[in-house]
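Trainee: Sequence:
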Amino acid sequence: CFRKNEAVPVLVAAADAGVSDMSAVPGAAGEFIVATNTRFADGEAVGRGKVYRVRLNSAAEALEIASYRQPVTWVVPFKRDCLVLVRGGGVVNNGGQVIRYSADSGKLKMLRRAKYPLLDPMHSADRTSLLVSSYTESYALDKGGPLQALIFK
Numbered sequence: 008c009f010r011k012n013e014a015v016p017v018l019v020a021a022a023d024a025g026v027s028d029m030s031a032v033p034g035a036a037g038e039f040i041v042a043t044n045t046r047f048a049d050g051e052a053v054g055r056g057k058v059y060r061v062r063l064n065s066a067a068e069a070l071e072i073a074s075y076r077q078p079v080t081w082v083v084p085f086k087r088d089c090l091v092l093v094r095g096g097g098v099v100n101n102g103g104q105v106i107r108y109s110a111d112s113g114k115l116k117m118l119r120r121a122k123y124p125l126l127d128p129m130h131s132a133d134r135t136s137l138l139v140s141s142y143t144e145s146y147a148l149d150k151g152g153p154l155q156a157l158i159f160k
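Here the working numbering is used: the first residue of the sequence shown is 8, the next is one more, and so on.
No lab work stands behind these hints, which were simulated from the structure alone.
Beta carbons: idealized from backbone N, C-alpha and C, even for Gly.
Warning: the hint list may mix true and false statements.
[Stated by the list, open to error] Here are the simulated DSS-like pairs of lysine-lysine, each with C-alpha atoms no more than 27 angstroms apart in a straight line: (1) Lys150 x Lys114; (2) Lys150 x Lys57; (3) Lys150 x Lys116; (4) Lys86 x Lys11; (5) Lys160 x Lys114; (6) Lys122 x Lys160; (7) Lys86 x Lys122; (8) Lys86 x Lys150; (9) Lys86 x Lys114; (10) Lys122 x Lys57; (11) Lys116 x Lys86; (12) Lys122 x Lys150; (13) Lys57 x Lys114.
[As the list claims (entries may be wrong)] Label-pair distances were calculated between CB atoms; the ranges are: (14) Lys150 x Ser109: 19 to 27 angstroms; (15) Asn12 x Pro153: 49 to 57 angstroms; (16) Thr135 x Asp49: 29 to 37 angstroms; (17) Asp127 x Gly34: 22 to 30 angstroms; (18) Ala36 x Asp149: 40 to 48 angstroms.
Please work from the sequences and hints to get the whole structure.
Mentor: Structure (structure tokens):
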């Protein structure tokens, strides 16, 4: 990570995996959430996932804040916070997980379990709501199957 107009990095962090997604935290200046996964297949995260909080304030730091047996596929900015989407690991049908990173507390908390393991986010045009679709592998392959839509406002 570099500061504006500087050639020397303020933070260099190593992870034992590849980055699957990252986002700035809208409600916390100089703070980012980074998702990594141990394995990828055809460009998709399939290994164990970890979530890091990167802060670039006076003391730059990268801290692991969570680890999962399932892949972390998305980090989505929403309002002041970020939603972390985890493939699988849910209670019903091994569905997905929607986890909220709070800009105020700096902690992750389960927001909602999805019925199906595959999750994709989509913001509304005015960015006041967020649709997270939850679906099965057969649905993704155009072979039909169930779809769940979770809408956050």
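Trainee: Against each hint, give a clear statement of whether it holds in the structure.
Mentor: Hints, verified against the model:
| no. | hint | result |
| --- | --- | --- |
| 1 | Lys150 x Lys114 | 38 angstroms, violated |
| 2 | Lys150 x Lys57 | 31 angstroms, violated |
| 3 | Lys150 x Lys116 | 34 angstroms, violated |
| 4 | Lys86 x Lys11 | 25 angstroms, holds |
| 5 | Lys160 x Lys114 | 20 angstroms, holds |
| 6 | Lys122 x Lys160 | 19 angstroms, holds |
| 7 | Lys86 x Lys122 | 24 angstroms, holds |
| 8 | Lys86 x Lys150 | 35 angstroms, violated |
| 9 | Lys86 x Lys114 | 16 angstroms, holds |
| 10 | Lys122 x Lys57 | 22 angstroms, holds |
| 11 | Lys116 x Lys86 | 16 angstroms, holds |
| 12 | Lys122 x Lys150 | 18 angstroms, holds |
| 13 | Lys57 x Lys114 | 14 angstroms, holds |
| 14 | Lys150 x Ser109: 19 to 27 angstroms | 38 angstroms, violated |
| 15 | Asn12 x Pro153: 49 to 57 angstroms | 51 angstroms, holds |
| 16 | Thr135 x Asp49: 29 to 37 angstroms | 34 angstroms, holds |
| 17 | Asp127 x Gly34: 22 to 30 angstroms | 23 angstroms, holds |
| 18 | Ala36 x Asp149: 40 to 48 angstroms | 43 angstroms, holds |
Of the hints listed earlier, those the structure fails to meet are numbers 1, 2, 3, 8 and 14, in rising order.
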